[in-house]
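**Student:** Once you have looked at the hints, place chain B on chain A.
Chains A and B supply the protein sequences, listed in that same order.
Here this note's numbering is used: the first residue of the first sequence is 2, the next is one more, and so on.
Here this note's numbering is used: the first residue of the second sequence is 2, the next is one more, and so on.
Since the hints were derived computationally from the structure, they do not count as laboratory data.
Treat the hints with care, since some could be wrong.
A pair counts as met if it fits within one copy or between any two copies, since identical chains are not told apart.
[Claimed, not checked] As a list, the in silico EDC-like pairs of lysine to aspartate or glutamate whose alpha-carbon atoms are at most 20 angstroms apart:
1) Lys228 - Asp12
2) Lys385 - Glu106
3) Lys209 - Glu13
4) Lys204 - Asp47
5) Lys366 - Glu106
6) Lys204 - Asp235
7) Lys204 - Asp75
8) Lys209 - Asp12
9) Lys209 - Asp75
10) Lys204 - Glu13
11) Lys204 - Asp12
12) Lys142 - Glu60
13) Lys209 - Glu226
Every value quoted in this text rests on a predicted model; they were computed, and no experiment measured them.
2 protein chains.
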Amino acid sequence: MLRAQILSIGDELLSGATVNTNAAYLARRLGEIGIPVRRILTVGDDVDEIVRALHEASEAEVIVSTGGIGPTHDDVTAEAVAAFLGSPLVMDEGTLERIRRAFQERGATMPESSAKQARVPKGAILIENQVGMAPGLHIRKDGRQYFILPGVPSEMQAMTESYLIPALREHSGGVVVARRIVRTTGIYESALFDQVGDLTELKGLGVKVAFLPGVEGVDIGLTVEGKPEQEADDLLARAEAVLRARIGEWVYAVGEVGLEEVVAELLFRTGKTVSTAESCTGGLLAHRLTNVSGSSKYFERGIVAYSNQAKVQILGVREETIRAHGAVSEQTAIEMAEGVRRISGTDFGVSTTGIAGPTGGTPEKPVGLVYIGFADGERSYARKFIFRGERLFNKTRATQAALDLLRRELGRRLE
Amino acid sequence: MLRAQILSIGDELLSGATVNTNAAYLARRLGEIGIPVRRILTVGDDVDEIVRALHEASEAEVIVSTGGIGPTHDDVTAEAVAAFLGSPLVMDEGTLERIRRAFQERGATMPESSAKQARVPKGAILIENQVGMAPGLHIRKDGRQYFILPGVPSEMQAMTESYLIPALREHSGGVVVARRIVRTTGIYESALFDQVGDLTELKGLGVKVAFLPGVEGVDIGLTVEGKPEQEADDLLARAEAVLRARIGEWVYAVGEVGLEEVVAELLFRTGKTVSTAESCTGGLLAHRLTNVSGSSKYFERGIVAYSNQAKVQILGVREETIRAHGAVSEQTAIEMAEGVRRISGTDFGVSTTGIAGPTGGTPEKPVGLVYIGFADGERSYARKFIFRGERLFNKTRATQAALDLLRRELGRRLE
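Same shape as in the complex, but just chain A (with noise of 0.2 angstroms):
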């Protein structure tokens, strides 16, 4: 199995302004080839850093660079790889004359600093340039492949699959990484874990299993190697089959699905309707119910109310209730649930009310305390939840729980 090392080339990097998406876009295109990587490694526009760094990668058989093959001073891959390879830099008058060209085409004149793109260590294979003007280059050298790419995401982009895709496809012998992702929520990574339990079932299949916790819930990655496509896609839904066994009541999704796009779906079979009261969410609860295209067929309207007043006011809370229980409460969350129900003439109300902090909280009501309610006109309840993270990060967290109630009451008529 051959297997690749990513080079990202570039001091805009190394000094945080650009996020290094194209070594995750290259780590997943290769992966899907069956080609995974080993080690992504950054370093600066440097010559000396870059050849240090060539020969470093000697572990993978697949190298592939990106950045630093612009017109610009601080771009100086060529001559690095030049000077790994103990090759000249020669000007190619071929590459010369079509970045001519393409400025003339532009109306324009070509700049004296864009013939350097046109200079290529001896002996490499040129990769066209669909997108911008530098050509890529493609060197063979002590068994190893590499592959100069450059920066420009778009122009990368279109190099991976026009020349490195298929120029690796035919070496990695039919097999891919497969991926898939099951989604879980309201339940913590560690007491996941623990319920998953043995892992030897999985092993035996020979899928590596990932946890990955996020604000939404925890994901779990399932990945097989090094198998033919069609064998890597029953081995990963027989794992997929093994978990739902035994977590099947966390999992709402499986792939890169948001829980409102289920909660969604659910509410277009079932045909029912939903309207929202929120205190601590402040709006983004409807806000992920509306990022839905067609919503407006499940959602009539929300209510933010976030003072008392709105709550007596529009959702019809008694005064009484908010004067015992206080506006975060399990009656609150009710009464709140009840009113935007009765007002909208939706089957469900669903509410939160609940301190987002970082003010705000007592002794007795902590910041991450929320309430959520729900009603349908035969029962309305509230389930209570302590999160304990940032504003922003509590009011996702609580409006994962509402969804995920959502989903559960929903689940539960489609049986």
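**Tutor:** Relative to the frame of chain A, chain B by itself:
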């Protein structure tokens, strides 16, 4: 001068499933205290690979790792660090107790796997985790400092701010890489660039200028490298003054500040209150206005009037208006703003109505058409915008336009 190397740990980075935003964040923050990052290396969740990477990082005086300190089987960073140090992993009873208590406070029992996060290499200084469970580690060895941080961005960032930056600032030798972001909204990048005009004066100050367009507007990045902090600040202040003289009208903030924070500050200063009536933005405007702590002082309520019925019933928009002009119209926007102001008793009412897309557009009312309404009891008006993007992009642009309208209205009252 200290130099840093970043070690990013995680299979999900090597597979391309996750983009390495942590490295960019750390590089930026280290640069700001004058510690340039020389290399960023990404390796997988593998003990041998991590140990090797720690040995290879010997040219830097500061090594910061992220990732691999969670509770599951693939979190092996602590084990690797212990192997690198030649120290055993020991159970830290204080940390174990803290984790157990954290679960108790949420009404849960600590899952068995969480105990792993309290196992730390002997001799390491523990860095408190204010967001999650596992502590970070600070180790000194052979004249170098190692900081072992979590991979979850919120946890990593909290430790960077509370511990890493304070610990390193004193060693940074007095020179800095100083950056200042001048944030603009409501103007195209090319128009802004033309209006800024000749960059000679800024270059003469030794200030590098970068135009960074994004969903919320165009940021202008100003950078000064290798100067003492005070001198760098003076140069940036002069550069900012040059920009403000040319494009001041479009500048809403300097620094990493959101427009909602700027508006909140203006509302706090003027003592004014606001309520919102949203259609196409679906709650995002209320969400942004309530993202600021203390927002209950100025935000009274928000109505997400998605259906026409809700617009009529709650906001008092006249059925005749919707029939004659449509729900997406200047007139409806105005009546929505007036209506929410009237029922909530706030100083201002702000409204949005439009077509977020991707469906619902017509030749006369295309996807991206949005009206922003405003009412303050004396004047009511609406402004028309056409955005060109996907649903979430259009929602975000529309809230940005609404917040900028509020910013300008409030600014006028402070003149």
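**Student:** For each hint, tell me whether it holds in the structure or not.
**Tutor:** These are the hints, each one checked on the structure:
no.	hint	in the structure
1	Lys228 - Asp12	between (38 angstroms within a copy, 18 angstroms between copies)
2	Lys385 - Glu106	between (50 angstroms within a copy, 13 angstroms between copies)
3	Lys209 - Glu13	between (34 angstroms within a copy, 11 angstroms between copies)
4	Lys204 - Asp47	between (43 angstroms within a copy, 16 angstroms between copies)
5	Lys366 - Glu106	between (53 angstroms within a copy, 12 angstroms between copies)
6	Lys204 - Asp235	within (14 angstroms within a copy, 59 angstroms between copies)
7	Lys204 - Asp75	between (47 angstroms within a copy, 13 angstroms between copies)
8	Lys209 - Asp12	between (35 angstroms within a copy, 10 angstroms between copies)
9	Lys209 - Asp75	between (41 angstroms within a copy, 10 angstroms between copies)
10	Lys204 - Glu13	between (40 angstroms within a copy, 18 angstroms between copies)
11	Lys204 - Asp12	between (41 angstroms within a copy, 16 angstroms between copies)
12	Lys142 - Glu60	within (13 angstroms within a copy, 28 angstroms between copies)
13	Lys209 - Glu226	within (9 angstroms within a copy, 44 angstroms between copies)
In this structure, every one of the numbered hints holds.
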